[in-house]
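Starting from the structure of chain A, add chain B where the hints point.
First to last, the protein sequences are chains A and B. Residue numbers for the first sequence, in the working numbering: 1 to 643. Residue numbers for the second sequence, in the working numbering: 1 to 166.
FYI, nobody ran anything at the bench for these hints, they're computed from the structure. A virtual CB, placed ideally from N, CA and C, is assigned to each residue, including glycine. One or more hints might be untrue.
[Claimed, not checked] Not everything, but these chain A residues come out facing chain B in the computed CB check (under 7 Å):
hint	residue
1	VAL113
2	GLY114
3	GLU265
4	LEU266
5	VAL267
6	LYS592
7	GLY607
8	GLY611
9	GLY613
10	ALA614
[Claimed, not checked] In silico SDA-like cross-links for lysine to any residue, where the CA-CA straight-line distance does not exceed 20 Å:
hint	chain 1	residue 1	chain 2	residue 2
11	A	LYS547	B	ARG46
12	A	LYS141	A	GLN151
13	A	LYS297	B	GLY62
14	A	LYS547	B	HIS49
15	A	LYS346	A	SER377
16	A	LYS431	A	THR488
17	B	LYS36	A	LEU62
18	A	LYS411	A	GLY480
19	A	LYS86	A	SER117
20	A	LYS547	A	GLN528
21	A	LYS332	A	LYS346
22	A	LYS411	A	GLN391
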Amino acid sequence: MEGSTKLIPIGDFRFCNGFEISKITETKLSNEFENDDEFKALLQATFLEEAVELLDAIEQSLLVFEENHSDKKIVEEIFRSAHSLKGSSRAVGLNEIGEFTHDLESLLHKVKVGQLSVNRGVIEILLSSSDHLRHLVSSAKQGRQIPADPQLRATIQNITSGAQAAYQNIPSAESSGFQEASKEYSSQEQGFNPHSKLPPGDDKIEGFELFASPTGGQMTEHEVKANASLSSHSKSNLATSANVKDESVRVSLSRLGHLVDFVGELVILQTVLEQQKDQIPSQFLQKTVTQLSKITKDIQDISMSLRMVSLKQTFQKLQRIVRDTAQVVDKKVKLDFIGEETEIDKIMVDNLGDPLVHLLRNAVDHGIETREEREKSGKSPIANVQAAAFQRGGKIVIEVRDDGRGLDPVKLRAKGIEKGIIKANQKLTDKEAWNLIFHPGFSTKAEVTEISGRGVGLDVVKTNVEKILQGEVEIDSELGKGSVFRITLPLTLAIIEGMVIRAESERYIVPLVQVYESLRPSPKDRHQVNGLGEVLHLRGENLPLHKLSQLIGIRRPKDTSVSETAIVVRTGAKPFAILVDEIIGHQQVVIKSLGEEMGNLQGITGGAILGDGAAALILDFAELVGRGNRSTTSQPAKMRGVS
Amino acid sequence: MKESTEKSPQNITHNESYLAFSLSTERFAIPLLSAKEVVALPETTRVPHTPPHFLGIMNLRGQIISVFDLRLKLGLPADKDSETSVIICDFSPLCFGVVVNSIDTVLSLTEEQISARPEIESRMNSEYITGVTKSEDRLVLILDLAKALNVDDQLAIHNSRNLKTS
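Just chain A, with the same shape it has in the complex (with noise of 0.2 Å):
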């Protein structure tokens, strides 16, 4: 990984252009490289990274061109984008990604010079080709050069050369949902067939349009109501990062790792050094301290920063989705990005995707009413989705908004009783009553649509959220109004705040997120009862009692009457409490990975060093006590460290 990156030469190395990797030939052969074939890897791996991107921009430009057909800026800037990977993609020998692009940009020409007049037709095969240029990017990365699809070669020639042709079924690589409708064809004068097969359901499209001509001649226009209104704060930002020249270099990953794990030990000694300085006799040096103090709270700070990237990236593929989604269902949203510029470590970013994804097909299809429903309650027929995100109090917060018929307690709760989740007599609040949907097996909609629904969804976000991004996920809704979902995340997810326990003579460290109260139970509330191990009553509540050293498999020596704390985790969808000998304090701990001869051990995620030096293991109290799989986990878990 770290060999494939860090040779890259100072400079944005993008591929606006086929100059670039002259360039890099030239530094390059003249020095690192002897073996071709190694020089050639790097390349196209460089390729493959820097292709995402454009199709990313590609995209994103699509959809912007989707909404304003007259926009010459638009077509100029995906016709650039195609060019440079058709460019890049041949240089570095990946001839099918390259021909593919060839044809694509021939197309765009045409419409960029006003042959080929655009319609929505036009659209959805240059959307497909993108998806499928994704396909074969990706196909490249593993190593397979697989060929491009030739039926959607031959789609695309046959509009380029406005040759008669009837086809069927625009093929897509990766389905997006509604290339479902086949459209039949045909170059007459009137040329459309109104009458093709349309998705059920879909009757306000009066039809595709797809004409070519030419000559650029008279098209029969077909009204053509977009179902899925998609607009950004930023346009402008939406243009291709190929045009931005910026001074960067890239850095490895792991290597950016490596520094964030020892500035990490820097603060933590730092502070041992701060808390001491009283002891040191000379004014001066304690001045010194305070200075050193201020200066690795600057490294600290820039260090995280280096790993941060915005936002902008994942929230844009959200369009994409909702768009489809829309679609398919026949809602009309109009999407909104706050605060898309918000920063985030990388780490969390990559496993951000997923939730949020989830969480705007959640709004879309079952948050959104229907067209007819919104009517009749007298909102707007084009929905509002919004995703924003924003810092708050050291924290990363993410909402998805939208202006739907917002969750029913009293009906979440009849479900809830149905499915068995809760008791009948069983009181909730509203707040517990919308988390309730996030209980693995709920759904809220009574058939399984293709979007989303099955159950499954909205219990993996809550998952992903609070296993692997250390976050919290709430739910505010107000009937007939809307729901917001928020994700809150800690800025980044190297540091944890830990709670410093022992049990027996050793130490370990829980995340300070899985404590929800810590307590002196008396003895009159431990119960022990036949079967079922030990219980806490609290507060009206029985808890099962674990004793940690039991769990961890420490033999308890003669003396039991120690003193105990119980600490009471709330974190998965059963509560319980863990007697633990001691809680010593809290303290900032850097997560470290353990060595791969560890293996995955269930209940520990990592390790962390000690104020004092020594080596402590961070525990999963919930996957110890072997409820993580049963409640929470929907795959092992993974070691969080960050090498």
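Only chain B this time, still in chain A's reference frame:
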């Protein structure tokens, strides 16, 4: 793991250096290149549900390293107080520490000086002995540490996560 076995001293052409150390009363050697450094034995932290020869984890300048006790693995008597040093071994991607009684010397051996492992009945599983040599009239066993600790041990550690707590 495959890399590490390739690094082991099976195909040596000329002089190769070995780090010789003592475990209990016996002497062993490992290829010097696989030893990253030697440090004094620090405090180790036990990891629950791991085999007995897995001593625990230690802090090596901010990095967390697993420490093994070879004597328990090889069936040698373990004298808790006599251990002094930890050899930090680098078999990337694995990096772990091995507790030894003392570091003796660095041997420079040619291929001829290393004989194949004797096929004798032994209380130790001889799989991870790659050769035998003589130094100061004593036999020195050349170990393949990756083999000695990985093959069955990594499995054992892997399996331990499936152990349900009682």
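Evaluated hints:
The interface hint given for VAL113 (chain A) is violated, since its Cβ lies 55 Å from the closest Cβ of chain B, which is over the 7 Å cut-off. Checking GLY114 (chain A) against chain B: minimum C-beta separation of about 57 Å lies over 7 Å; hint violated. For GLU265 (chain A), the suggested interface contact is upheld, since its CB lies about 4 Å from the closest CB of chain B, less than 7 Å. Taking 7 Å as the C-beta cut-off, the interface hint given for LEU266 (chain A) is violated, the closest approach to chain B being about 9 Å.
Hint status for VAL267 (chain A) relative to chain B: violated, with the closest Cβ pair at about 11 Å, above 7 Å. For LYS592 (chain A), the suggested interface contact is upheld, since its CB lies about 5 Å from the closest CB of chain B, less than 7 Å. A distance limit of 7 Å between C-beta atoms decides the matter here; for GLY607 (chain A) the minimum to chain B is near 4 Å, and the interface restraint holds. The interface hint given for GLY611 (chain A) is violated, since its Cβ lies 11 Å from the closest Cβ of chain B, which is over the 7 Å cut-off.
At a threshold of 7 Å, the smallest CB-CB gap from GLY613 (chain A) to chain B is about 6 Å, leaving the interface hint in force. At its closest, the beta carbon of ALA614 (chain A) sits 5 Å from a beta carbon of chain B; the interface hint therefore holds under the 7 Å criterion. Using a Cα cut-off of 20 Å, the hinted pair LYS547 (chain A) and ARG46 (chain B) holds, with the two alpha carbons roughly 18 Å apart. Between LYS141 (chain A) and GLN151 (chain A), the direct Cα distance comes to roughly 23 Å. Violation of the 20 Å bound is thereby established for this hinted pair.
Restraint check: the Cα-Cα separation between LYS297 (chain A) and GLY62 (chain B) comes to about 19 Å, which is no more than 20 Å; the hinted pair holds. Distance check on the hinted pair: LYS547 (chain A) and HIS49 (chain B) sit about 16 Å apart at the alpha-carbon level, within 20 Å; holds. With a C-alpha separation of about 42 Å, the suggested pairing of LYS346 (chain A) with SER377 (chain A) is violated against the 20 Å cut-off. For the given pair, LYS431 (chain A) sits about 17 Å from THR488 (chain A) by alpha-carbon distance, which is consistent with the 20 Å threshold.
The suggested pairing of LYS36 (chain B) with LEU62 (chain A) is violated, with an alpha-carbon distance near 55 Å, which exceeds 20 Å. Taking the CA atoms of LYS411 (chain A) and GLY480 (chain A), the gap is about 13 Å. The hint holds against a cut of 20 Å. In summary, the hint linking LYS86 (chain A) to SER117 (chain A) is not supported, as the alpha carbons are separated by about 23 Å, beyond the 20 Å threshold. Between LYS547 (chain A) and GLN528 (chain A) the alpha-carbon distance is near 13 Å, which keeps this suggested pair within the 20 Å criterion.
Taken as a hint, the LYS332 (chain A) and LYS346 (chain A) pair is broken in the structure, with Cα atoms around 33 Å apart against an allowance of 20 Å. A threshold of 20 Å between alpha carbons decides the hint, and for LYS411 (chain A) with GLN391 (chain A) the separation of about 34 Å lies outside it, so the pair is violated.
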